Amino acid sequence: MTTANPAQSHSSEPSRLQRILLRQETILFVILVIGVLLLSMQSDKFLTIENLLNQGRLAAEIALIALPMTLIIITGGIDLSVGSIMGLVAIMLGVAWFNWGLPLELAIVVALLIGTACGLFNGLFITRVGLPPLITTLATLALFRGLAEGIAQARSVRGYPEWFYILGQKNFLGDLTSIPNQLLIVVLSIIAIGAALAWTPFGRSLYAIGNNETGARFSGLPVQRNKLIIYTLSGFMSGLAAWVYVSRVSTTRSDMGNGIELTAITAVVVGGTSIFGGSGTIVGTVLGLALIQLMKNGLALSGAKGDSTTIVVGVILIGAVLLNQFIQNPPARLKRLLPGQQ
Amino acid sequence: MTALLELEGISKQFPGVRALEDVSFSVAAGEIHALVGENGAGKSTLIKVISGVHKPDTGTIRIEGQEVTFDSPHSAQAAGMATMYQELSLYPELSVAENIFMGHAPRREVGRIGVVDWGTMNERAREILASLNIHDMDVQRKVGTLNVGNRQRVEIAKALSINARVLIMDEPTAALTESDVERLFGIVRLLKERGVAVIYISHRLQEVFELADRVTVLRDGHFVGSKPVAEVSEGELIRMMVGRTITELFPKLPSEVRGDVLEVRNLTRKPTTRDVSFTVRGGEIVGMAGLVGSGRSETAQLVFGILAPDSGEILIEGQRVDIRSPGQAMKLGIAYVPEDRGTQGLVREMRIRENISMAILGSLTRLGVVDKSAERRVGADMIGQLNIIATSGEQTVNKLSGGNQQKVVVGKWLASKPKLLIVDEPTRGVDVGAKAEIHRLMSELAQQGLGILMISSELPEVLGMSDRILVMRQGRLVAEFSRAEADQHNVGSAMMSDQVVVADTPAATPVAGGAA
Amino acid sequence: MSAATPAQATSQGNRLLGTARRMLGTQEGLLLVLLVALFLGVGLYNNQFLAWNNVSDLFNVNAYIAVAAIGMSMVIITGNIDISVGAAIGVLVTLSGYVALGLADAGLPPILVNVAAWVVPVLGGMLIGAINGFFVAYLKIPAIVVTLGMFSILKGGLILVAGGNTLYNLPEGYSIAMEDFLGIPVPVWVMIVLTGVAFLWMRYSRTGRSQYAVGGNAEAARLSGLDTRRILMTTFILSGLFAGIASVMYATQYQTIQAVVTPGLELQVITASVVGGVSILGGVGTVIGSTLAAILIRFIGSALVFVNISPFWVKAILGILILVTVLSDVVRRRRQERQ
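Chains as they are written, first to last, in my numbering: chain R, 869 to 1210; chain S, 72 to 587; chain E, 2 to 340.
Any given hint might turn out to be false.
[To be verified] Straight-line Cα separation of at most 30 Å, DSSO-like style, residue types lysine-lysine; simulated pairs:
(1) S:K443 with S:K490
(2) S:K126 with S:K213
(3) R:K1038 with R:K913
(4) S:K443 with S:K488
(5) S:K126 with E:K141
(6) E:K141 with S:K298
None of these hints come from the bench; they were simulated from the model. Keep in mind it's a predicted model, so treat the numbers as computed, not measured.
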């Protein structure tokens, strides 16, 4: 078996442009553009700044959760407990303020700390004990939701002070702009996490862990520490999402966040992150989020019942994974056409 | 002897690679036939053709003169071809008997329904094991509770259960203890008596001479020659494998020995490391010999922070240190090129430059961001320095040959500018050409003042490269030799001696007696 | 087999003791002990717990979960998982109701109506299972993703089509789960019989054993010549079959049917399997364990009420149970590897 020799390679090294064109993110972008065009033809209420920004407001919680989920899936893991953490934090926010009588600012901090602690709990079981992420977060999905239900006893908390709703319901600088407040947090998070993933050693190590965790460890990368960080971050962001959500819907209940893990995972996978780990980008996840929100908006505009949009999310998820599979392992005949498959 | 299995004119091509080119090969019943060749010579492709995993592009396969084609591993098995790969194909949660008979369990009728007959299965399993002289295995035990040697025996029993006529063994002794190796040889000879043809692949030429009747050499996908073992010498075999006479196999350059780089005192971690003490000085190559399972890799991993010691001290340049992670070890100037480069040494799906920079990412970071151009420079540097054959630093590592992949691992660790370099089986699975390069590199590094701890299971390599030789046996350091006084005899017997082990300081002369 | 000599008798006795000891060391044995302990413990604390009504309830209420867990156990043993089972049951329950009402309106004789309403969901379940199985076995998509997608398709689909409707005026004789047979509720019979049959099938049939092989070492299974894809497909179809039967058991429990997906149902089914000793890593476990665990879950839920702890804490306890079981499984495997 002869080693690779530049003079002998069968296909020419694909150009940079070719490589960019055939990535999942690009395909996604094209689909997104087509989707936008279709929807704006179907309803003139769609392509307005007002509607688009409002969609952003609605998608904020999912976006916050999908960002750390991207990091986790890149390392080959998964976090099914994000929705439950959201529910628990929502309840604890209400309990800390209403039942314990803490000033609301402090209650918010306590709630976020609890979310972070939940993430840390997951992370410790996964890193120190070595339990598989799937089953760990499945168990904590039950545990955290159970705690939320137990603490709430089917009651809910309402009547927060006016200033509390500014985050979720009002715009930046009051009436001066029409940018929803939570979008700022979302954009900041996207930039911070996206930059960390793409440019820092931390981000690089996540890809290494996803491809070969043992190799990464033997190379001196802080595998355990970084895994702990991403699960803890996931807990924190779920808590943040809970805060934004409660602020938006003005109330606190224990069933909040139910099913959000599905949408978050779908956004990540649609965005080109392989479910097996080792690849993926934040840009892709953002595009995936946009596509999903687009679908939901389209369905709402054509009169479909609220929860029925989950059917579309499910179809998109399976479709996206199939597409990703096809790109990574194309059938033999297509191999010569696609770059990077020599 | 008439041929049992004959391959004629076999060719197999994969995209971009000619794995086998017009190879002919035959083996007779009751013959132990060794298959040797460098990495990439085509051995594993050949056995995959025999076991039905790959279909040859051209050529014929004949069993007892009858032409056959295998559509699948299953049809090859049905024809009596059994293969024992290095990664054993067993089910840890199922019993020994069920493992042996999986896919063809004995059945009986209950009414008109066919059900698995557990009783008969257990009985037959015991019979098969007995025929291999194995009487102490509980066939109802879960295979996962057995050690490697026993699991291998279950694999062999599996082959017998399908009345294998040809058993292929791929590097069977790589992970065995010495006593298990002896038992394995005994079983192979028993199989020979039963008329089973055994195709035995190994990099350890001394095993070939001890066990095999005939040996076939492949090189670059071509058949080079097939000879009775009695009629060929080791040098001749190597020449056939490599195509040239290797005179400069171990180019050891002289170097000046400096101060202590590493000192290990009473290091213990049961059961693999017991009260081990030694030093490595700058400028010297310390070879660590021992049988598989003697605890050398684990001891090295204690120094590198992968494992934590129960007790003992580690000193780097005279300072006592407490190493808890590889990251910490690196900061202290320790580098470890691991045994298993595929899983431990590299992230094969990533590029060469990304692998080379992996240990030093911190130093390539400016304001929290990785400096890609600096990274590319380091990559190009290493590729040049180590003569890595690749299209560029952007190429993915898994496209490289074994020798070049090993060089990438070495490059990664050289980039960290270590004071102590620990190499674990530096030339395992590396073709002879790259072997010589790696040896020369190690010599040069020692010249430059690096302290090198070289763990190796190849005695010639240990003897040829080391300034001092440490011997480990069953977790203890049993002997130490200088380059001048060491030879195959005394090092070998220190490795295998049955005598009581020296408990305190390593002796300058080996423990007396024992098997030679 | 007659015990002729005292020596033989003692050795038989020893073998029995050995078997007993080995059985107690299993998860199934542990569950049995827990069930008895809980029963006696809570019963002593509050003897209303031991009333026949309640005891019947203890075995009856979760019978359908135990049946669904039979299929789930098979799936998990092959190394996969099925998150869609809760939504599948919701859809199939509704399907059963609509078939019953539709055929009754069409004027068919009640016996035909009822049998159709019981059989169609089972077939529907098998169809869902086949679709899941196709994606996992032939398109090689991880089961977590396929069944997550299927879950939302089924749930969304149900809302779209029947959104929260209540079906009533179900035909005479439809609600068979409310009946008793020889003093024991029909669902309990179904649970026991199906568990027994499934256990025997998994222990003595070729396909049953190959499920363990595929889950234990998929690559080895393939090399042994086992048709991995067909085995996985069969497993998912069987899982759908049991989900279908479970849905009929659930639908025929009351006089009305709610067209909703019970939230957290899949979690209960998975918990039953995992706590029952079916390791999430695949290759090990029995349906006897999952059935015992399903009963235990009901025991715990009921016990909470009788010792005055709010039943809202059930889910938290389930979560802890899963964690503890998985922890001990991982610890056991690690100790095994150390040899």
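For each hint, the structure was consulted:
1. This hinted pair checks out: K443 (chain S) and K490 (chain S) have alpha carbons roughly 26 Å apart, not beyond 30 Å.
2. At most 30 Å may separate the alpha-carbon atoms for a hinted pair to count; K126 (chain S) and K213 (chain S) exceed this at roughly 35 Å.
3. Taking the CA atoms of K1038 (chain R) and K913 (chain R), the gap is near 21 Å; set against the 30 Å cutoff, the hint holds.
4. Between the alpha carbons of K443 (chain S) and K488 (chain S) the distance comes to roughly 19 Å, so the proposed pair stays at or under 30 Å and holds.
5. Between K126 (chain S) and K141 (chain E) the alpha-carbon distance is near 23 Å, which keeps this suggested pair within the 30 Å criterion.
6. Of the pairs offered as hints, the one joining K141 (chain E) and K298 (chain S) is violated, with about 46 Å between alpha carbons and a cut-off of 30 Å exceeded.
Of the numbered hints listed earlier, those contradicted by the structure are 2 and 6.
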